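Q: Place chain L on chain Y using the hints.
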Amino acid sequence: AQSVTQPDIHITVSEGASLELRCNYSYGATPYLFWYVQSPGQGLQLLLKYFSGDTLVQGIKGFEAEFKRSQSSFNLRKPSVHWSDAAEYFCAVGPLNTGFQKLVFGTGTRLLVSP
Amino acid sequence: DTEVTQTPKHLVMGMTNKKSLKCEQHMGHRAMYWYKQKAKKPPELMFVYSYEKLSINESVPSRFSPECPNSSLLNLHLHALQPEDSALYLCASSSPRANQPQHFGDGTRLSIL
Numbered sequence: 192a193q194s195v196t197q198p199d200i201h202i203t204v205s206e207g208a209s210l211e212l213r214c215n216y217s218y219g220a221t222p223y224l225f226w227y228v229q230s231p232g233q234g235l236q237l238l239l240k241y242f243s244g245d246t247l248v249q250g251i252k253g254f255e256a257e258f259k260r261s262q263s264s265f266n267l268r269k270p271s272v273h274w275s276d277a278a279e280y281f282c283a284v285g286p287l288n289t290g291f292q293k294l295v296f297g298t299g300t301r302l303l304v305s306p
Numbered sequence: 005d006t007e008v009t010q011t012p013k014h015l016v017m018g019m020t021n022k023k024s025l026k027c028e029q030h031m032g033h034r035a036m037y038w039y040k041q042k043a044k045k046p047p048e049l050m051f052v053y054s055y056e057k058l059s060i061n062e063s064v065p066s067r068f069s070p071e072c073p074n075s076s077l078l079n080l081h082l083h084a085l086q087p088e089d090s091a092l093y094l095c096a097s098s099s100p101r102a103n104q105p106q107h108f109g110d111g112t113r114l115s116i117l
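Chain order of the listed sequences is Y and L.
Our numbering numbers the first residue of the first sequence as 192 and each following residue consecutively.
Our numbering numbers the first residue of the second sequence as 5 and each following residue consecutively.
Bear in mind the hints are in silico, worked out from the structure with no lab data behind them.
What you are looking at is a predicted structure, and each value in this text was computed from that prediction instead of being measured.
We treat Cβ as the ideally placed atom computed from N, Cα and C, and that holds for glycine.
A few of these clues could be false.
Claimed, not checked - The calculated DSS-like cross-link candidates involving lysine-lysine, where the alpha carbons are at most 25 angstroms apart (straight line), are:
| # | chain 1 | residue 1 | chain 2 | residue 2 |
| --- | --- | --- | --- | --- |
| 1 | Y | LYS293 | L | LYS22 |
| 2 | Y | LYS252 | L | LYS45 |
| 3 | Y | LYS240 | L | LYS40 |
| 4 | L | LYS40 | Y | LYS293 |
| 5 | Y | LYS240 | L | LYS45 |
| 6 | L | LYS23 | Y | LYS240 |
| 7 | L | LYS57 | L | LYS44 |
| 8 | Y | LYS252 | L | LYS44 |
As the list claims (entries may be wrong) - DEER-style ranges, computed between Cβ atoms:
| # | chain 1 | residue 1 | chain 2 | residue 2 | range |
| --- | --- | --- | --- | --- | --- |
| 9 | Y | SER271 | L | SER59 | 20 to 30 angstroms |
| 10 | L | PRO100 | Y | GLY219 | 15 to 25 angstroms |
| 11 | L | VAL16 | Y | THR246 | 41 to 51 angstroms |
| 12 | L | LEU117 | Y | PRO306 | 14 to 24 angstroms |
| 13 | L | THR11 | Y | ARG268 | 32 to 42 angstroms |
| 14 | Y | GLY219 | L | ARG101 | 14 to 24 angstroms |
Excised from the complex, chain Y in its bound form (with noise of 0.2 angstroms):
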């Protein structure tokens, strides 16, 4: 069965400061890869996706993420954090089905930003 590891459920960055967000997923083949963030009250909003082809993938709000097929890892970084990027971020794993998408969702990892 698919699943998907988030290892951090908080992670505490000063602003400006660099982030990394660990996900690392478990699928018989190379799935479709999605990172979303929820600020609080909201619904998600997608950050960045991965297929295929070129294995670092930029997305909104100045992050990217970068595929490892060897860790089965798909980590979420940025290089300097604004105080409002404090939100929850999930990792996602979607596999291929016709006609529609069935997530599986990491627990998340709850983001919180310092002065």
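A: Quick look at chain L alone, frame taken from chain Y:
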């Protein structure tokens, strides 16, 4: 700005009430989803509609009844809910191509008294 619109944003209902949650998208997506999200947890898939037909029901209790009247609308009818059903209910939509991401609405915050 979200492209998936959910109404109402908040709903408080008693256990004997009947209410409906609504979701609308105009992106031409042919797959639509209902998720339930409890506090500090990831979204849990409830239902998937593909081309207006129910494709997945994740063993959801019958007190939740989905409906997809057309390709732009998705409803979730609620009846005789339990306090543990209090949660954020998220709607999402996606293109039928599997390599396209889901787009989420901002959700309906449901409280059962």
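Q: Holds or violated: LYS57 (chain L) and LYS44 (chain L), Cα atoms, limit 25 angstroms.
A: violated (31 angstroms)
Q: Are the Cα atoms of LYS252 (chain Y) and LYS45 (chain L) separated by 25 angstroms or less?
A: holds (24 angstroms)
Q: Given a hinted range of 41 to 51 angstroms, is it respected by the beta-carbon distance of VAL16 (chain L) and THR246 (chain Y)?
A: At roughly 47 angstroms between Cβ atoms, THR246 (chain Y) and VAL16 (chain L) fall inside 41 to 51 angstroms, so the hint holds.
Q: A range of 20 to 30 angstroms was offered for this pair. Does it hold for the Cβ distance of SER271 (chain Y) and SER59 (chain L)?
A: Once the Cβ atoms are compared, 42 angstroms apart, the range 20 to 30 angstroms for SER59 (chain L) and SER271 (chain Y) is violated.
Q: Quickly compare the C-alpha distance for LYS293 (chain Y) and LYS22 (chain L) to 25 angstroms and report which way the hint goes.
A: Not OK: LYS293 (chain Y) and LYS22 (chain L) at ~29 angstroms, beyond 25 angstroms, violated.
Q: Holds or violated: LYS40 (chain L) and LYS293 (chain Y), Cα atoms, limit 25 angstroms.
A: Between LYS40 (chain L) and LYS293 (chain Y) the Cα gap is close to 14 angstroms, so the pair holds against 25 angstroms.
Q: With 14 to 24 angstroms as the target window, see if LEU117 (chain L) and PRO306 (chain Y) comply at their CB atoms.
A: violated (40 angstroms)
Q: Could you tell me whether the CB distance from THR11 (chain L) to ARG268 (chain Y) stays inside 32 to 42 angstroms?
A: holds (37 angstroms)
Q: Would you check the hint for LYS23 (chain L) and LYS240 (chain Y), treating anything up to 25 angstroms between C-alpha atoms as holding?
A: violated (36 angstroms)
Q: State, for the Cβ atoms of PRO100 (chain L) and GLY219 (chain Y), whether the hinted interval 15 to 25 angstroms holds or is violated.
A: At 23 angstroms between Cβs, range holds.
Q: Are the Cα atoms of LYS240 (chain Y) and LYS45 (chain L) separated by 25 angstroms or less?
A: It holds: about 21 angstroms lies between the C-alpha atoms, which stays within 25 angstroms.
Q: Does the beta carbon distance between GLY219 (chain Y) and ARG101 (chain L) stay inside 14 to 24 angstroms, or does it fall outside?
A: holds (21 angstroms)
When each numbered hint is compared with the structure, violations occur for hints 1, 6, 7, 9, 12.
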